[in-house]
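Single-letter residue listing:
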Amino acid sequence: MSGLVGRNLLAGAEPEVARDAGYQDPPPRMGFFTDTSVCIGCKACEVACKEWNSVPEDGLEFTGMSYDNTQGLSADTWRHVAFIEQNRRVAAGAPVDDRTGDGTGDGAGGGTATAEVPDGSGGDEGLRWLMASDVCKHCTHAACLDVCPTGSLFRTEFGTVVVQEDICNGCGYCIPACPYGVIDQRKGDGRAWKCTMCYDRLGAGQEPACAKACPTDSIQYGPLDELRERAAARVEQLHEHGVSDARLYGENPDDGVGGDGAFFLLLDEPEVYGLPPDPVVTTRDLPSMWKHAGVAALTMLGGIAAVYAANGRQGGRR
Amino acid sequence: MSTSEVGEGGVRGERPGREAVVGKGEHPRGGRRDGKRRRGGRGERAMVPDAEFTSYYGKPILNPPKWEARDIAGYFFLGGLAGAGSVLAAGAQLTGLPATARALKISSLAAIAGSTYALVHDLGRPARFHHMLRVVKPTSPMSVGSWVLAAYGPAAGAAAVLDVTGWFPRLGAAATAGAAVLGPVVASYTAVLAADTAVPAWHGGYRELPFVFVGSATAAASGMALIAAPRGENGPARGAAVFGTALDLAAVTLMRRRLGMVAEPYREGRSGRLMRTAEVLSVAGAAGGALLGGRSRAAAALSGAALLAASACTRFGVFHAGVRSAEDPKYTVVPQRERREALQQEH
Numbered sequence: 324m325s326g327l328v329g330r331n332l333l334a335g336a337e338p339e340v341a342r343d344a345g346y347q348d349p350p351p352r353m354g355f356f357t358d359t360s361v362c363i364g365c366k367a368c369e370v371a372c373k374e375w376n377s378v379p380e381d382g383l384e385f386t387g388m389s390y391d392n393t394q395g396l397s398a399d400t401w402r403h404v405a406f407i408e409q410n411r412r413v414a415a416g417a418p419v420d421d422r423t424g425d426g427t428g429d430g431a432g433g434g435t436a437t438a439e440v441p442d443g444s445g446g447d448e449g450l451r452w453l454m455a456s457d458v459c460k461h462c463t464h465a466a467c468l469d470v471c472p473t474g475s476l477f478r479t480e481f482g483t484v485v486v487q488e489d490i491c492n493g494c495g496y497c498i499p500a501c502p503y504g505v506i507d508q509r510k511g512d513g514r515a516w517k518c519t520m521c522y523d524r525l526g527a528g529q530e531p532a533c534a535k536a537c538p539t540d541s542i543q544y545g546p547l548d549e550l551r552e553r554a555a556a557r558v559e560q561l562h563e564h565g566v567s568d569a570r571l572y573g574e575n576p577d578d579g580v581g582g583d584g585a586f587f588l589l590l591d592e593p594e595v596y597g598l599p600p601d602p603v604v605t606t607r608d609l610p611s612m613w614k615h616a617g618v619a620a621l622t623m624l625g626g627i628a629a630v631y632a633a634n635g636r637q638g639g640r641r
Numbered sequence: 063m064s065t066s067e068v069g070e071g072g073v074r075g076e077r078p079g080r081e082a083v084v085g086k087g088e089h090p091r092g093g094r095r096d097g098k099r100r101r102g103g104r105g106e107r108a109m110v111p112d113a114e115f116t117s118y119y120g121k122p123i124l125n126p127p128k129w130e131a132r133d134i135a136g137y138f139f140l141g142g143l144a145g146a147g148s149v150l151a152a153g154a155q156l157t158g159l160p161a162t163a164r165a166l167k168i169s170s171l172a173a174i175a176g177s178t179y180a181l182v183h184d185l186g187r188p189a190r191f192h193h194m195l196r197v198v199k200p201t202s203p204m205s206v207g208s209w210v211l212a213a214y215g216p217a218a219g220a221a222a223v224l225d226v227t228g229w230f231p232r233l234g235a236a237a238t239a240g241a242a243v244l245g246p247v248v249a250s251y252t253a254v255l256a257a258d259t260a261v262p263a264w265h266g267g268y269r270e271l272p273f274v275f276v277g278s279a280t281a282a283a284s285g286m287a288l289i290a291a292p293r294g295e296n297g298p299a300r301g302a303a304v305f306g307t308a309l310d311l312a313a314v315t316l317m318r319r320r321l322g323m324v325a326e327p328y329r330e331g332r333s334g335r336l337m338r339t340a341e342v343l344s345v346a347g348a349a350g351g352a353l354l355g356g357r358s359r360a361a362a363a364l365s366g367a368a369l370l371a372a373s374a375c376t377r378f379g380v381f382h383a384g385v386r387s388a389e390d391p392k393y394t395v396v397p398q399r400e401r402r403e404a405l406q407q408e409h
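Chains A and B, in that order, are what the protein sequence lines are.
Take 324 as the starting number for the first sequence in this note's numbering and just add one per residue.
Take 63 as the starting number for the second sequence in this note's numbering and just add one per residue.
Just so you know, the hints here were simulated from the structure itself, not pulled from any lab data.
Small disclaimer: the values here were computed from a predicted structure and weren't measured.
Fair warning: there could be bad hints in the mix.
[Said to hold, decoys possible] Some chain A residues near chain B, calculated using beta-carbon distances under 7 Å:
no., residue
1, Ser360
2, Ile363
3, Gly364
4, Arg411
5, Thr473
6, Lys510
7, Gly511
8, Gly513
9, Pro600
10, Lys614
11, Gly625
[Stated by the list, open to error] If you want a taste of the chain A side facing chain B, the calculated C-beta under 7 Å gives, among others:
no., residue
12, Glu339
13, Leu525
14, Ala619
15, Ala620
Here a beta-carbon is modelled for each residue, glycine too, at the ideal position from N, C-alpha and C.
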C-alpha cells in the first residue's frame, strides 16, 4: 500500500490498476478491443450476453429509427449493437477487387481508388451502414466504482469493474456518475447492473460470452497490452487502405478516464455511435469540489456568526 | 466471394475476419456533419448560437439519474434546512434567544428525520440502507455524507430533546454545539454529491453549487426562524435571510455564466420555471423579512414561508436542470467537443 502514497489515483495513466487496488500478484489486465470495421450487426453478442448472464428482457420495442431496437446500454442490456445509417457514399477501400491474395493487400493505391468514384451526382445519394457493439468500458478510473457508497462495485484482479449484487442497495449514485451511460437501475429489482466482462468465465480461463460468440472477431478479448498493439496495427492497416476515418477510441491511457479496459476502433466521430467525444471521470475534480464545499461551509458559518455579532451589538435595546 | 472452405471444423484456409478490407465513407458535399441536428425548435430563446452536433438518433449519452425528485431534491432542501437551522440555533442560544433556539432545534430534528426517511425511501433496496455504513470511502460523497448524517442526526436529535425536556443541560449544550459544527457540512456536502457525477449542469457548476446550496439552506432556516420565533427575537433571522439570499442568488448567477450553453436547463422548461420562481420568492422573502419582519408578526411569518418555498424551488430547480442536461446529448457532446478542439489547437 505504501506505493499509493503521494500519487494521484483519481485521474491520469495508471499502469497497474489491479495492484493499486490491493491485489498482490494480479494476472495481466484483460479487456475488449471492439473493431467496428468488421462488425456485421448480427447481435450475436447481445444474445450470448443475455444467455450467459441470465439478463432479463429489456423491453420489446420497435423504434423505427434503424435496425437497432435495443437502443442503448442499460441494466438489462450489457452489449448493445448500434446501427447507423448515413447518407454517405461508400468508396471501395483500396484493394477490394484484387483481394485474392493475403487480404492485407499492399494498400499503396488506397488513396487513388476512392478517386474513381464518379463525382458530382448530388450530395446525398449513397448510403453507408456503421455497426458497433457497445459495452461497459471498464475504465481505469471508473466513476461508478469511485462514487459507490457501499463498496458493492469493486475492481477485480483482471482490472475489470464488477457490481456485487448481494451488497448493492440501489442508491443509484453510479448511474449519473458514469460518463458513458452504461450502468443502470433494474426496474422491479432496484439494484444497479452492468457488464461484468463475464467475471465468472474469466476466472475459469474462458473468454467472455460476447467475444466467444462474435462471428467476425469484431469483439476481441485478451490482455489489454496485446489488444492495444493489435489495434494500433489494425488502424495503420486501414489507413493504408485509404480508410482515413478509422480511429481508436478509449485506448489512450492519458485520456480523461485513464484509458478504457474496453476500447474501440470507430469509423466516424464517437458521438455518431452515441459515445461521448471526450469523457472525463467526475472524481478527477473531487478534491477541488471538497475545497469549494469547505469554503462554502465556512462562509455560511462566518456569515451567520457575523449576523449574530452585528445583532448582539445593537440587540441591547430590545 | 473468397476461396475459404466452410466445413465442420469451421472455416479452413484464409480467415479474412480481423483483416477484412472495408469500404471508406466519403464525406458528403456541402456540410461535414450529417447526423441529427439539434432536436430543439421549440421556439425557445437561444442563449448561444445553435451548436452543430451529432448524436446517435438523438438518444442521450448519459443515463440520467433514476432518483425521485421528491426524495432527493426534497432531501437537498430538508438537509439544508436542518444544517443551517442548527447553526442558527446555536447562535440564538449563545446570544440569549431561547425561544428561537428551541424552535430551530425542533425544526432541524424534524427536517433531518424527514431527510433520512426520503433517503431510505429512494433506495432500490431500502432494507439494505445499513450497507451505507459498510465502508468509509472518501471518493464517494454519498459515503462521506452517510457518516456525517450518522453523527449529525443524533446530535441534532439530542439538542432538540434535551432542550425541550430540560434534562442534562451540559449535554444539551454539547449536542447543540456539535450539531452547529456539523450543520454546515450537512448543508454543503449535498452540492458535492450532485456535482460528483457526469451530469453536465451539475458537474460543470461544482465551484458555485456549494455556495448556492449553503445560501439556499441559510435562507430556508432563517425563514423557519421568522415563522417560529417571537417578533422581538427575529433580528438575527432577518439578517441571515438577507445574507443567505444574497449568497444564493450571486452563486446562481456566477454558475450560469460559467456554464455557458449548459446553463440552458437552468433557464428553460420546468427547471427554468422553478429557478425563476425561487428568485422571485427569495427576493420577496428576504426584503419582506428585513423591512417588515421586525414590525409585524404576520409579515415575518409570510416572509419566512416565502423563503422556505424559495429554497425548495431552488433545490427542485437544480435537480430537474441536472436531469434535463443529462437527457439531451447536446449538453454532453458540445462542451466535450469544444474542449477537445481547444486542446488540439494548443498542440
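Checked hints:
Taking 7 Å as the C-beta cut-off, the interface hint given for Ser360 of chain A holds, the closest approach to chain B being about 5 Å. Interface hint status for Ile363 of chain A: violated, as the beta-carbon distance to the closest one in chain B is roughly 10 Å, over 7 Å. For Gly364 of chain A, the interface hint is violated, since its Cβ never comes within 7 Å of a Cβ in chain B; the closest pair sits about 13 Å apart. The criterion of a C-beta within 7 Å of any C-beta in chain B is met by Arg411 of chain A, whose closest approach is roughly 5 Å, and the hint holds.
Evaluation of the Thr473 of chain A hint against chain B yields a held restraint, the C-beta minimum of about 4 Å falling below 7 Å. Annotation: interface hint on Lys510 of chain A violated; nearest CB of chain B at approximately 9 Å, more than 7 Å. For the restraint placing Gly511 of chain A at the interface with chain B, the shortest Cβ-Cβ distance is roughly 10 Å, beyond the 7 Å limit, so the hint is violated. Because the closest C-beta pair between Gly513 of chain A and chain B is about 2 Å apart, less than 7 Å, the hint holds.
Because the smallest distance between the Cβ of Pro600 of chain A and any Cβ of chain B comes to about 5 Å, under 7 Å, the interface hint for this residue holds. Of the supplied interface hints, the one on Lys614 of chain A is violated, with its beta-carbon coming no nearer than about 9 Å to a beta-carbon of chain B, more than 7 Å. Among the interface hints, the one on Gly625 of chain A is violated; its C-beta lies about 10 Å from the nearest C-beta in chain B, farther than the 7 Å criterion. Residue-level restraint check for Glu339 of chain A is violated (minimum Cβ-Cβ distance to chain B is 18 Å; threshold 7 Å).
With a least beta-carbon distance of about 22 Å to chain B, the hint placing Leu525 of chain A at the interface is violated under the 7 Å criterion. Hint on Ala619 of chain A holds. Least Cβ distance to chain B is approximately 4 Å, under the 7 Å limit. Residue-level restraint check for Ala620 of chain A holds (minimum Cβ-Cβ distance to chain B is 4 Å; threshold 7 Å).
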